[in-house]
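Protein chains: 2
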Amino acid sequence: MQLFYTPDINPTVSQYFLSEEESKHAVRVLRLVNGDAVTLVDGKGGMYHAEIKDAHPKRTILQINAVVTGFNKRNHYLHIAVAPTKNIERTEWFLEKATEIGVDEVSLIICQRSERKEAKVERLNKIITSAVKQSIKAYHPILNEAVTFSQFLKQPFEGQKFMAHCADGEKLALAQSLDKQGRYLILIGPEGDFSPAEIDMALQNGFKAITLGESRLRTETAALEACFEVNFLNRI
Amino acid sequence: MQLFYTPDINPTVSQYFLSEEESKHAVRVLRLVNGDAVTLVDGKGGMYHAEIKDAHPKRTILQINAVVTGFNKRNHYLHIAVAPTKNIERTEWFLEKATEIGVDEVSLIICQRSERKEAKVERLNKIITSAVKQSIKAYHPILNEAVTFSQFLKQPFEGQKFMAHCADGEKLALAQSLDKQGRYLILIGPEGDFSPAEIDMALQNGFKAITLGESRLRTETAALEACFEVNFLNRI
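If you're matching them up, the sequences are chains A and B in order. So the first sequence is residues 20 to 255, counted in the numbering used here. So the second sequence is residues 20 to 255, counted in the numbering used here.
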């Protein structure tokens with residue numbers, strides 16, 4: 020299935036013009052011709068079944084034949100706030116896998132012990148978009164610009180709030196604490212873990228400490244484990 | 020914690036000589052000196068608490084002070100047989116993450132639709148060893164040389180046998196089928212999925228078809244999803 024990500028399309032149109040970049044890809048790389056079927060996703064749940072009306076390398080015209088809204092809509096809302104890793108490839112790997120498995124929103128948080136103090140969201144978003152197309156999702160996860168831990172904690176969130184940390188202390192298991200088909204925000208710390216002050220601040224702000232198993236996981240593995248557990252618990 | 024992987028050590032020794040490579044790493048890179056504490060794992064469950072008796076760059080001598088056997092022994096046996104990916108980095112990511120999360124044995128299977136017909140096990144094993152040291156495991160997962168799908172199916176396995184495929188047909192969920200604290204073998208196919216003949220052959224050989232959720236997962240993501248599910252189901 021040749022999937023195109025076209026966030027500016029809407030369900031009312033009967034015709035659509037591919038961007039110059041997408042047109043070039045369609046005609047020169049995929050070698051699509053008039054009459055060929057293509058599928059578009061708008062990132063907001065809409066899947067559009069279309070066909071090529073005019074295969075032009077700079078301005079391909081598509082005829083929209085059918086629209087499905089709410090395609091494979093997820094039954095819960097998962098927001099993961101994770102410290103970007105020193106080796107940014109690890110964060111890229113996490114974003115690709117989380118998109119395949121299922122995630123709604125990702126925030127990048129710069130923590131006290133973070134070795135990486137910034138991250139280029141534009142490039143990371145491209146990784147997500149590729150994964151959306153490859154795994155045939157009609158919803159495009161949101162990726163937020165990096166902010167500091169304390170700035171992030173100021174943002175309101177309706178739903179259950181969890182923090183995964185490696186320090187001592189009482190921790191819940193998601194299997195026992197997660198309310199199914201709910202909204203969740205999970206904090207994942209940097210390579211050196213959250214600082215005691217950050218753990219305190221989160222607990223004061225209504226976050227519950229959780230365990231992600233007995234193994235010592237890297238940041239990106241922990242983030243994906245959290246993603247996996249939430250999706251799995253909402254499946255059974 | 021400075022962890023060394025020393026598969027040739029055994030629990031009866033009171034002294035141990037690091038290899039030339041490990042000695043050089045200990046003295047020149049880690050800059051360890053006499054009296055420094057180090058930890059060794061033998062890959063078979065043994066964790067050795069030692070200290071440097073003679074910090075020599077080619078032949079460091081360690082004094083073994085304590086031994087723990089069966090360190091964090093797993094409560095189930097998981098063998099994943101997966102088709103190595105065209106881009107071998109993806110298989111490397113899987114091996115690293117599976118080692119962190121928990122796996123006992125990995126086999127590489129060349130399937131009908133595999134784009135990659137061979138894989139260098141020596142290099143892949145180094146990835147596993149690094150992950151063993153980084154995630155502080157005393158057990159080193161076994162990695163087997165690549166064989167064809169039909170050759171692999173001839174190998175006996177005591178335990179539950181599962182196959183994850185994307186074709187139509189009845190599929191079980193591990194949540195309902197897995198016997199806890201058991202032995203499991205799970206087959207994960209190449210990018211183009213298993214062929215109908217391969218699926219048939221597996222079902223004839225006692226494998227049960229399973230689903231890994233509704234999402235369309237890449238080979239390495241599916242392999243890791245299987246790994247997550249088995250470990251998670253044996254935790255709760």
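A few of these clues could be false.
A pair counts as met if it fits within one copy or between any two copies, since identical chains are not told apart.
Said to hold, decoys possible - Pairs of lysine-lysine residues, derived as DSS-like cross-links and limited to a Cα-Cα distance of at most 30 Å, are as follows:
#, residue 1, residue 2
1, K105, K139
2, K190, K139
3, K105, K180
4, K227, K180
The set of hints was computed from the structure by calculation and includes no laboratory data.
Next on the checklist: Name the hints, by number, that the structure is in violation of.
Outcome noted: 2
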